[in-house]
Structure formats: C-alpha cells, structure tokens
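Colleague: Below are the chains, spelled out letter by letter.
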Amino acid sequence: MTATPLRPYSPPPPVKPRRRPLSTNASHYVLWALALLVIVGPIVPVVAASLWSTPLYESGGHFTRDNFDALFTDGGWWTAVGNSVLFAALNTAGSIVVGVACAVLLTRTDLPGRRTLTTLLLVPIALPGLVLIIGWAAMWTPAGFASSWLETHTFLSMPVDLYSIPGMAMVGMTVASPTVFLLCRGTLLSIDPALEDAARTLGAGPLRSLLSVSLPLMRPAITNAALLVFALSMEVLGLPLVLGFSSEISLISTYLYDHWTNDSQQGLVSAGAVFLLVAVSALLVLRNRLVGDTARFTTTTGKPAGVRVLRLGPVRWLMSGVLALFLAVFVVVPLAGVVLAAFTSILSPFISPWSVLTLDNFSAVFDNPLYTDSIVNSLLIAGVGGALTTLVIAVLSVVAHRSRFRFRGSLQQGMLWPRMMPALVTGMAFFWSFALLDRSGAIRASLWGIGIAFAVRSLALGYSAFYPALAGIGADLDHAARTSGASWWTAMRTVVLRLVAPAMGASFVLLFVAMLGDAEPAVFLVTDETPVLGLTMLQLAATSIGGSVAALGVIQMVITLVVLGAGRALLGVRPRA
Amino acid sequence: MPDLHLNGLTKKFGRHTALHELSLTVHDGEIFTLLGPSGCGKSTTLWSVAGLHRPDSGSIAFGDRVVFDHGRIDTEPEHRNCGVVFQSYAIWPHLSVAANVGYPLKLRRTPKAQRERRVREVLDLVELGDHAGAYPHQLSGGQQQRVALARALAHPPDMLLLDEPFSNLDAKLRDRSRQWLKNLQSQVGVTTVFVTHDQDEALSVSDRVAVMNRGRVHQVGTPDEIYDRPADLFVADFVGTANILTATITEADGSHALIRVDGLGRPLRVPHTGTHLGGARVCIRPENIDIHRPGAAGSTPPDALTVTVENRAYLGDHYRYTVRVGATPVTVTTTRPVADGELTISLPPEDIRVFPQETPMDVPEDAPSHEENPHASVH
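Protein sequence lines, in the order shown, are assigned to chains A and B. Counted from 1, the first sequence has number 159 at position 160 by numbering that gives the first Met the number 0; the numbering is strictly sequential. Counted from 1, the second sequence has number 142 at position 143 by numbering that gives the first Met the number 0; the numbering is strictly sequential.
Don't read these hints as lab results, they were simulated from the structure. Built from N, CA and C at the ideal position, the CB exists for glycine as well.
Have a look at the derived ranges for each label pair, beta carbon to beta carbon: (1) B/264 to A/473: 57 to 67 Å; (2) B/112 to A/500: 27 to 37 Å; (3) B/137 to A/285: 45 to 55 Å; (4) A/473 to B/137: 11 to 21 Å; (5) A/368 to B/115: 55 to 65 Å; (6) A/314 to B/36: 56 to 66 Å.
Not close to chain A: a few residues of chain B, all C-beta gaps over 10 Å, as computed: (7) 12; (8) 265; (9) 300.
Not everything, but these chain B residues come out facing chain A in the computed CB check (under 8 Å): (10) 77; (11) 81; (12) 83; (13) 87; (14) 93; (15) 106; (16) 107.
Let the sequences and hints guide you as you build the complete structure.
Modeller: The structure is reproduced here in structure tokens:
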C-alpha cells in the first residue's frame, strides 16, 4: 500500500440541517391528502346527488330515496340492465375463446406468419376504440360496403346483424380478444418449460402435455381476463351509441347518457351511476378474491428458458388461414373502411371507390372550428396533461413505494382505484365535484376540468406501466444516497427518478394515446368551449357515419401510430391490457 | 473519530424479536465485527446505526452525540454522517465513478476544486485513480466494491459501516480484499463496524468480534479470545469446528476441575473457573487433539485411546479423520497422513473447554426463525 494517508484532509464544516418550511414527512401527508381528494373524493358527490331531491348546485332539497325508487321501477332501466348483461356475457365468451386460442397458437406453436398475425391482433388495443367501431359500421352493417359487396358479388353474406346485441358483441370482441390474449400470453410464457418436459418424460405427447399441464395453469389468467372483460363490457358507451341507436337497443351506459343529455334527470342518472359503480366494483373485487390465491399456480423459477414450440404438422397452414381470415374480417376490413370512407365522397359497393376519391372530408374537418378545436384541445390534454400526469404518477409512486410514510399502502391502492371506476361514473363524479366546489365554473370552462378527469382515469394505466421499473431498482441505491447525506427528496430526485426516466417516457406515451382518444368522462364535463376529439367523434358517429368522422378517425389513427411508433423505437413501449 | 455506543437496542418484526436489549461499545478507530448466522440480528444492528432501520427502543450514540433515543431522538440517515458499503455495493449506474464518489461532497457543498482533489485522493487510495471517468458497468466486481468503499470514505464519515462487502467476490479476491481493507482502515483510522457470517473473515479482519445469535450477543472479544476461549457452546460451535463431548465434573476448585469424559477411561484435570459440579459438555478443536504414532519420539500418555477411523478425507493442506469417542463422533485433523485404520489419540487437558450443563447452548425462541432482511422495514 503506497496510498497517501487521508489525515491532512480537513473536512468542510458540517452542513447544518436546513430548516425547510415542510419536513419530508409533512410533504408526504400533503401529497397523500391531495391525491386521495382528487382520486377518491369525487365519488362522494355522486352518491350524495343520487340521494338528494334537487341537483346539488341548487339550494334547498332534502334526503330522498326517490331517485333509486324511480330507477328501479322504470322498465326501461331493467331492459337496459338485461341488454348490458347479455352483451357482456356474449362479448366475454367470444373473447375468451378467441383470446386463449390465439395465445396458445401464437406463442406455443409453429403457426406460419405468427409475428404478422400477432401484430394484427394487437392493433385494435393500440388504436382509439371509436375508430374501429366507425370502420365496422362503414363496412359490416347490413347496408355497409363490405356486406353489400359480398352479397352482390358472391354467394356469401354477413351472417350477423350488427344492429343487434350479438352484432355489438362481435364488434366488442375486436378489442376484448387482444386484452385476453395479452393476459394469457404473459402467463403462458412464464410457465417453466420443465413442467411440460416432466409430463413428456412420463409418456405424454407434446399436445397432451400442453393441454394437461399448461392450460390448467392458465386458469387464473383466464378467470382474471373473463371478469375484467365482463366488467369493462358493462360500461362501454361508444359501441351501443353508434350501433344500438337505430334499433333502439339500450344498454346501461346509453340509458344514463340519454337521460342526462335529453331529459336532464340528474338525480336518476346519479342513482344509475351508483348502481353501475357498485356492480363493476363488486366484479373486480371478486376478481381479486379469485385470482388472489395464486400461490398454487405460481411456477416461475426466475430462470430464463426457451419456449417449447409445439409442431402442428400440415394442420398449421389451415389454422393460420383460419386466423388470418378472422383477423381480415375483424381488423383489416374495418380499418380499410375508415380509410376508404375518409378519402371518398360516397362509399358504396355500386360505385368504384377509385372514381370518387377526394380530400373534401379533410378540408371539411379543417374548415370547421368545432373539429379543429377538438383536435387542438385533445392534443393539449394528451401532451401537457399526459406529461403532468406522468410526473404526478412518478412522485406518488416513490412516496408509495420508497418512503417510510405511514399510509403508503393506501396510496398504492389509490392509484389502482380508478381502474375500478366506470368511465361514465368518473366523468359524473367530476361534474358534481366541480358543480359543488367551483361555483364560478372556471375549471369546467377551461381544459383543466376534462384534463383532470382524463388524468385520473388514466392513472392506473400509467402506474402499471411505471411501477415494474421502479420495483426493479434496488432499495440499496437510495439507502446509499441517504447515508451519503441526501435528504429523502434529494435521494429520489438525484438517484431513483433519474434511473426510472425511461419508464416515465414509456408511461407518458401510453397516457398520451389514452388521453387523446378518451371520450366517456367528457360526456358530463364538456362545454361549448372545450370540445375534445373523442367525444366530438362519438357525438358525430352516433347520428351518422359520414366522411368527416372517418377523416377525424384517420387523423386520430395517424397521430396515435406515430406516437406509439416513436415510443416503441425509442423506449420499447408495448401495448398493455 | 467517536466511539459508538449501543444501549438496550430492541427491535421486533411482528412476533419475532430481532434484537434483545442489545448493548455494545465500539472503540475509536477499531474494526469491530458483528458475526453470526443469518437471522441473528447483525444486519438489523448495522441498519439501526445507519438510521435505515428504526429500533423499537434503546439508544445509539456516536461519542457524545445521541442519534437515537427510544424514538424521542431519531436522526435521519443523512445527518448521521456514516459511510456505508452495501452488500450489493449500490453504486449508482447513471453516474461515473468520480460522480459516485463526489456525491457526498456535493451534498455538503464542498467547493468544486476541493471536491475534485478529494475525489482523486480517495480514488488513489482505493487504487482506482485511472478509472475516474468510467461508468460502473465497465468495472469488475472487485473494482465496484472499491468504488463503494471510496464513496463511503469521501465525506469523510464519522463511522464506516460495512455489510458483508466481500460476499460477492470469488475466494481468492475475497482473501486479498480482507488484507487490503485492514491496511486501508489502519491508515484512515475510522471507527468501523463490519457485518459478516463468515468466521474466517471475522477472525482475519477484526480488532474485536461480537458473536451474535437470535438477537443476542454471546461473546465480545479479540479474534483469539473468541477462538481459544469461547464463552459458551454456541460460540465454540459457530466459530471454527468443535468436537463437543458429554462429561461430568467431579471436582472443581475455581481454577481447575476434574472431569470424567464419556468414553475416556481416566478423569482429566482441566483449567476451569467454575465451581459447579455435575453434568457438563466439553469442547476441543480438531487440530488440538494429539495423535500418537507408533515409533515416534515422545511417550504415549497413559490416558491415550486407540480408535478406529470411520471416515477419512484429504483436504489439500491437511487430512481429516472421523473417529468415535464413546458414542460421540469426533473429528481429528493433521497435516501428516495416518497409514492404518486405527489412531491413537489423547485430549490435551489445557485445550479442553468445559461448559457446565445449565449453560444454555441457545436461548429457545417461541417465534419461528425469521430470515433476516435488511429491507424489511425500509421502503
């Protein structure tokens, strides 16, 4: 050892702990209280409004059960509930069959063209839901382009009427199947191949070991996916609004929407919203219960191992063909329909689309201030709102997971809570909160009102994209900063948040896409000054599928794909269920 | 540099008590090792000193400065001025080596020129002067470990805390690092607390060692005291290898005792300070057992015993034989092999340690044993 001794070094005078106006612990309490106020607080006025005789913003009124009585004695309500349950059941059953089959075929077999088929299957969850519905409506309705073309030119025809509950469920499957696929694929990939190898060594064939070992291990994932899809089906608004309108098929969501916009029975609608909230929450609590006992199915060993590929033989070409046909009908044709409708003056099987090509729809969009305002507003909400929400998620996550804050557990739950709330209920919750707390209407008149509602709704999505990266950073790294002399906030700022910056980027991309297309929470919040893209398209599509709405759809699709593509190239963003 | 005083430190995780009223004093400038099996509370003790764990009661003082007192005082980790080397090293991957080491100085607002000089000085000390601009992923495990040490020494700290710093290194490098650390520590002279479960490491590095088990300190002493004069059976058994035999104390005068070991014919007169008579356990190290070879110089003592070799192993630098004294298997080691299947052995009385029966080998614990986890209460 020839190193110089360290004694001569005179340390700088010790830094006195600065008196900050807010101690770390106090700042945690403030953040916690604000977060719960914004995330969970707004639910209170909805419940209050459902139990009050007059709208909350008017003076007077008294406690009453009349709203619930009126709701439960209305035959129309029970029809809507029945329709919703039927729709949800059909949608769930169909998506589970398709999703699980795709998960097995596309991850575990030698199906030709697996990669392309997987990408096609996942396109619908990357795109705004409404774009696809517009495409379906343009192509596969009885008078739609593709249905008519098939009937005129071939002996085939579209067997299902889209203006019916089974028809709507079929459209719903386009989005729900890839959700099931993603949830099941994750489980399938995490199953240790040694488990199937063990079955093989005991005499089971490859197919048999797949069916008798891996499929049962997927049971929790399938249950999870089924309950999730069912719960989400109970609250969809766009689909029944566009397809159920002409046949007067009413679901819970359209019932609430109708009674709010057309006869402003706000108490009744609040009661319905409470009912919906209770039903959906109960389903998701049930899901947690059922999936909770996962130890029996936990198989991951943490040892990376290759996936065993099942050889299907010549059948694989047939299977691949069937899947390709399905995806063509469910994804490619509707998307082509949106593009065709946007670039033609009239879309009819009897006129060649090439003879009516036009850009008029786009100039109509850009000449109409409602549309341009909608686009600008949505870009503002998605860009600025998405960035702010990402920051909020990052700060709340480090408090929830990296501090010794007493109530950090409730913060973790709080960030997932919005996932339990139907979008319509979120919108109504903020409507009542602003009505009560902001009498001047300043927040609602600005974009902040809708922005906050969209942000709360997307919180769980951003958090679930962000959290794994945070969990992957060893606690020793911030402990080392603390013992080196950093305060808690300094340690977070200089070490933890620096290391999770890429995950924050990924979280931002997902939030941007979600907030760009979101519509449902805006139903109750929108004003003439604050139109947003999703809702404007929804309102337009509910009355007619014209060229303008298709053009808006194309614009939305292009923005989404560009942002997602950039996110994927730069940050490895992947679509999430 | 201050002393470190721990007084009556207690910590519970649910029903499991990790620390039972632990009291220790670490002297100025010494390397003090906490040695024990996993779950013994050694890491909990270290994290309590660092301020990353909060004990339930007790007090911790650095010299006159009380940093923890029954929860009335609980100085935040950033104000304790410790240097900590983590088992995982915890080098920040987004910062260069120099930035990692400069971080504590930056927080203390050391002027830039002085900071750079000090970073260079500390990096030279750990022989990493050429790697100041490198990033952690470009360094080997041993180099990363030295960056962690440099960072811990930079500010400079009042107390250096090391949590199993060598456990991720291979055996050769581990051995060299111990020597190196000992030299470096004596140059810097910082009061050091070292946590390890490796007895070789504890014996070779430390000025003093505290042997811990289930949240209690069994013995505090210099390495040779711990090895040669273990305070109880746990220490004897945990540090090194010990043959433990059953015996009866028939006479005891406070300096010596007459003991009858099961399987040995004659009673032995051994050094023993107790006066209690009756059942006892005795312990002798394998290398202390005398082997008498036929034809060799020196007389075979009258109490020598000829036993059958039941198991033999060649371990490179020595041979190990398993024999039986009475019903108890006994391990004997020697540097010279024994040709035939029998050994003549005797137990030299001065190397025998006697533990009267009522000395509990271990304090029974009602709670199930709990895997020690330094992050259990810190998030």
